[in-house]
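I would like the entire structure built from these sequences, with the hints used as guidance.
Number of protein chains: 2
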Amino acid sequence: MTITAVDVLDIRFPTSRGLDGSDAMNPDPDYSAAYVVLHADDGQEGHGFTFTIGRGNDICCAAIETLSEYVIGTDVDGPAALADLYQRLTHDSQIRWLGPEKGVMHLAAAALVNAAWDLAARRAGLPLWKYLSTLTPEQIVACIDWRYLTDALTPEEALAILREAEPGKAQRVAEVERDGYPAYTTSPGWLGYDDEKVVRLAREAVAEGYTQIKLKVGADLDDDRRRFAAARTAVGPGIRIAIDANQRWDVDQAVEWTKALAEFDPWWIEEPTSPDDVLGHAAIRARLAPIKVATGEHVHNRVMFKQLLQAGSIDFLQMDAARVAGVNENLAILLLAKKFGVPVCPHAGGVGLCELVCHLSMFDYVSVSASMEDRVIEYVDHLHEHFTAPTVIKGGRYQAPTEPGFSAEMKRDSLIRFSYPHGPEWRSN
Amino acid sequence: MTITAVDVLDIRFPTSRGLDGSDAMNPDPDYSAAYVVLHADDGQEGHGFTFTIGRGNDICCAAIETLSEYVIGTDVDGPAALADLYQRLTHDSQIRWLGPEKGVMHLAAAALVNAAWDLAARRAGLPLWKYLSTLTPEQIVACIDWRYLTDALTPEEALAILREAEPGKAQRVAEVERDGYPAYTTSPGWLGYDDEKVVRLAREAVAEGYTQIKLKVGADLDDDRRRFAAARTAVGPGIRIAIDANQRWDVDQAVEWTKALAEFDPWWIEEPTSPDDVLGHAAIRARLAPIKVATGEHVHNRVMFKQLLQAGSIDFLQMDAARVAGVNENLAILLLAKKFGVPVCPHAGGVGLCELVCHLSMFDYVSVSASMEDRVIEYVDHLHEHFTAPTVIKGGRYQAPTEPGFSAEMKRDSLIRFSYPHGPEWRSN
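For the record, the sequence lines run as chains A and B.
Counting in our numbering, the first sequence runs from 1 upward without gaps.
Counting in our numbering, the second sequence runs from 1 upward without gaps.
Hints listed in this document are in silico derivations from the structure and should not be mistaken for laboratory results.
The reader is advised that the hints may include incorrect statements.
[Unchecked claim] Derived contacts from chain A toward chain B, CB cut-off under 10 Å, selection only:
#1 H91
#2 L149
#3 S274
[Unchecked claim] Chain B stretches covered by chain A per the calculated footprint, using a threshold of three residues with CB under 8 Å from any CB of chain A:
#4 26-38
#5 54-66
#6 86-94
#7 103-117
#8 148-159
#9 246-252
#10 297-305
For glycine and all other residues, C-beta sits at the position ideal for the given N, C-alpha and C.
Structure (C-alpha cells):
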C-alpha cells in the first residue's frame, strides 16, 4: 500500500468568542488544526492533524506541504515502514536546521506521522491503541529514534520493560474495553469564567463521576484564591483539584504563588514556568514538595522529557499527542516515564487531542506501565461533535475507542464549514 | 519614524555543489537567508535575515510574512521601541503556541528584530556595535525580556554588570577600531574536504595570522584521527584546533570519541550531542575535563542558555545572531555569560552570520565583559561578496564595521540572482 496524495487543510474554530480555553497566557485562543488526509492507492485514507490556537496555523499547513514530499510514494503498512517515515520526516538534513525537532516543523511532522498511523491501524481493522498492543516488544523498540536517549534509557532496557508487561496484556485489553480509563476535566476552570460558572461546572463534574478537576491560575492572586476557595467548598475535600499556570511565572514567583494557594490543597501545579526550563521545574518541585509538579503539553521532544525525568523535575508527565513527532516519539516518552516511575497524565482538550491521546494512555496501560495508579487523561468538553468517532466519557472515564484508526477524522461538513479563511464560518464574520 | 512596508525574499546559494559547509549532520547545505527589508516613512531601509541551510527557507519567509503585521506601523526609533517590538513579535498569545520561542517562528522573529535594529543604527549614523555602546545600562536592561531569567540573573545584577563596565568604554571602543577582534577559521575543516586540502588550508590559515582553526568530526573515527593528526602536524602544537561534531553523538559516544582524539590536543569539542541536552552536555563536560565543551549555534533561546550556564554544561558559549530572537535576546545571553564567567565565542559562517555577529562581540567587549581573553569569533570565507559592507579580516582579526547599521544588507544583484526558485542561478539548474 502506497500513499499517492496528501491533502492539507487549515481548519479553525472561533472559540475565542466564548472565552472557552482562556488562561493566564492564552486569553483568546481559536482552537485550530493543521489537518492532513493521506490517500493510499487502495482507496484508504489516513487522517491526522496538529493542534494550534489560531494564528500561525497556516504556517503549520505550509510546513506539512513541504514535508509531504517524504510521504508521497511511501509504504506505511506496518511499524517498520512507519518508523522509517518518522525518521525521514524529522531528519532531513536541511530542514533539521529549523529545529532540530521542535517548533513548526515538528508540529508538522506530528500531523503526518499520526495520519500514517491512522492509516496503518485502519488497514489492520483496529483502533490504534489495540493495534499498538498487537506489536511485539521488538517492533515497538524499532519504532523509536534512540539518538540522544541512551544515557537515560537503552533499547535493551526498553525491551525488558515491554517484555515484563507481556503477561496479562489480554486481560488488560479486556479491562480497558469494559471499564475505560480515568479522566479529569478542565471544563470548569477556564480563567474567563466567573465564580458562579466555575462552581456550577465543578459541581456538575463531580456529579458526572469525575474525581479530579483543574482550575486555571496565574493572572491575579486574589482572584485565584477566591476561585479556588469557591471550587474547593463546592466539591469538598475528597476531590482532587489541580491548578495550571500555563507558564506564567519565574521560579521564585511560582513557589510563592503556589504556596499562597496551598491551603486549598492543590493536587498538582501545572506548567509553573517555561516548558524549556528543566532546572527551573526541578527547583520549583524541590521547594514546593509535597505539592506535586506537572508539565508536558509544550515540551517539544523526547530529549526534553528525558531531562525532566533525569532532573526529577516532575511528578506527572503530560504528554501531548501532536506536539512531539506523533506516535513514534510518544512511544519513547512512555517508556522513559515507565523507567523513571513517573505517571503519564496526558494533555488533552483543544480540538481532537482527547480523541488522539486516549489511544496512547490505553496502550501504556496494556503494554508499558500496566498501571492506572494516579493516571488520568485530561478531558475538555469542546468540539467533539466535529469528529466521526468522538471521545465518549462515562462516569468520568474515557471509553475505549472501537472504530479502526486513531479517531482523528473530522466530519466532512466541519472541514468545509471551518476551513480558514474562506469557509462559511469565517467568511460571515 | 514609522515602518510602512516589509519585503520578504527567499534567497538561496547553491553551496551544496562544492561541499562547502559539509559536516557530520549536514552533508549538503544550500546556505540560505529568509531576508527582510523594512521600509520606513522617511525613506530609510532596515535589512535583516535569518539563516537556514536550504529546504524550509520558504517556511521561514511565510512566518516572517505572518509576523510582519506586528511591524507595519511601528516606530523603531530607539531602544524602547525596539524592546516593545521584540515583545510583540515573540509573545503573540496565539503564535506563541507554535513554540514558545523556538523553531521557525523564532527564526522569523530574529530576522525582523535584527532588521529593526539595523534601521535604528542607520538612523543614528552608527555601526550597530557602536550604537549599542552608546546606550545606558538602564536602556540595555530595558531591552531584555526578563521572564524566566530571574532565578539566574536579575535586572539589578545586569545593571551592576553594565555599570561596572562603564569606565574604560571609550578606550575599548578605540581599541576595537584600531585592532579589531580575534577570529578563528573553520574554512580548512569541512568534512567533505580531502586531507591534502585540509592541510593546505590549515597552513594558509596560520600564515594569515589565525591562532585557532576548527575541524569537523563525527562521521568516521579513523578518518577523524587521520585528518586531525595531519592538521596538527601541519600547524604545530602552538595553534588551537577546535573540533565540531555537529550534534552527532549520544553522551557515552561523545566521551569515547573525543577521548580517542585527545592525543591531538583539541581546544574544545563543539556540539557533541543534542543542543537541547543541557544535562547531557554537563555530563560530557564533567567526564572530558580538561578538554573543553562548546555549544550554542542551535540553542534556541535564553532559557536554554541560562540552563547551560547554571548546569556548568559549557566552557564556551556560541551565540548565534539570528537563531534566538535577534539583538534583544542576545543582549540577555551576553549578560548571562558574563554573570557565569563563560566566554562568548560566537557561531558564524553560513551566509551573513559573520557580518552580523561581530557587532555583538564588539559590544560585549566594550560594554559587558570588557575582556577578549579566550574569546574568538568564528570566521568562514564564503559568500561575503554578496554584502554591501562585508566582513574584513586582517591578521586573523575581525576589523570593526564602520558603515552605519548591522551589516546585514545584501547587494541588489545578489538578491535577484539567488532568489529562489525563480532567480537566474536556480532557474538554469
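Status of the hints after comparison with the structure:
Given hint, H91 of chain A at the interface with chain B, holds; its Cβ is 9 Å from that chain's nearest Cβ, closer than 10 Å. At its closest, the beta carbon of L149 of chain A sits 7 Å from a beta carbon of chain B; the interface hint therefore holds under the 10 Å criterion. Because the closest C-beta pair between S274 of chain A and chain B is about 4 Å apart, less than 10 Å, the hint holds. With 5 residues bearing a CB less than 8 Å from a CB of chain A, the region 26-38 of chain B meets the requirement of three and the coverage assertion stands.
With 9 residues having a Cβ less than 8 Å from any Cβ of chain A, the region 54-66 of chain B passes the three-residue criterion, so the hint holds. Here the region 86-94 of chain B counts 3 residues with a CB under 8 Å from a CB of chain A, which clears the bar of 3, and the coverage holds. Remark: the region 103-117 of chain B is confirmed as covered by chain A, as 5 of its residues place a Cβ nearer than 8 Å to a Cβ of that chain, reaching the required three. Chain A is given as covering the region 148-159 of chain B, and this holds because 4 residues of the stretch bring a CB closer than 8 Å to a CB of that chain, at least three being needed.
Given as covered by chain A, the region 246-252 of chain B passes the check, having 4 residues with a CB less than 8 Å from a CB of that chain where 3 are the minimum. Closer than 8 Å: that is the beta-carbon criterion, and the region 297-305 of chain B has 5 residues meeting it against chain A, so the requirement of 3 holds.
Violated hints are absent here; each numbered hint is respected by the structure.
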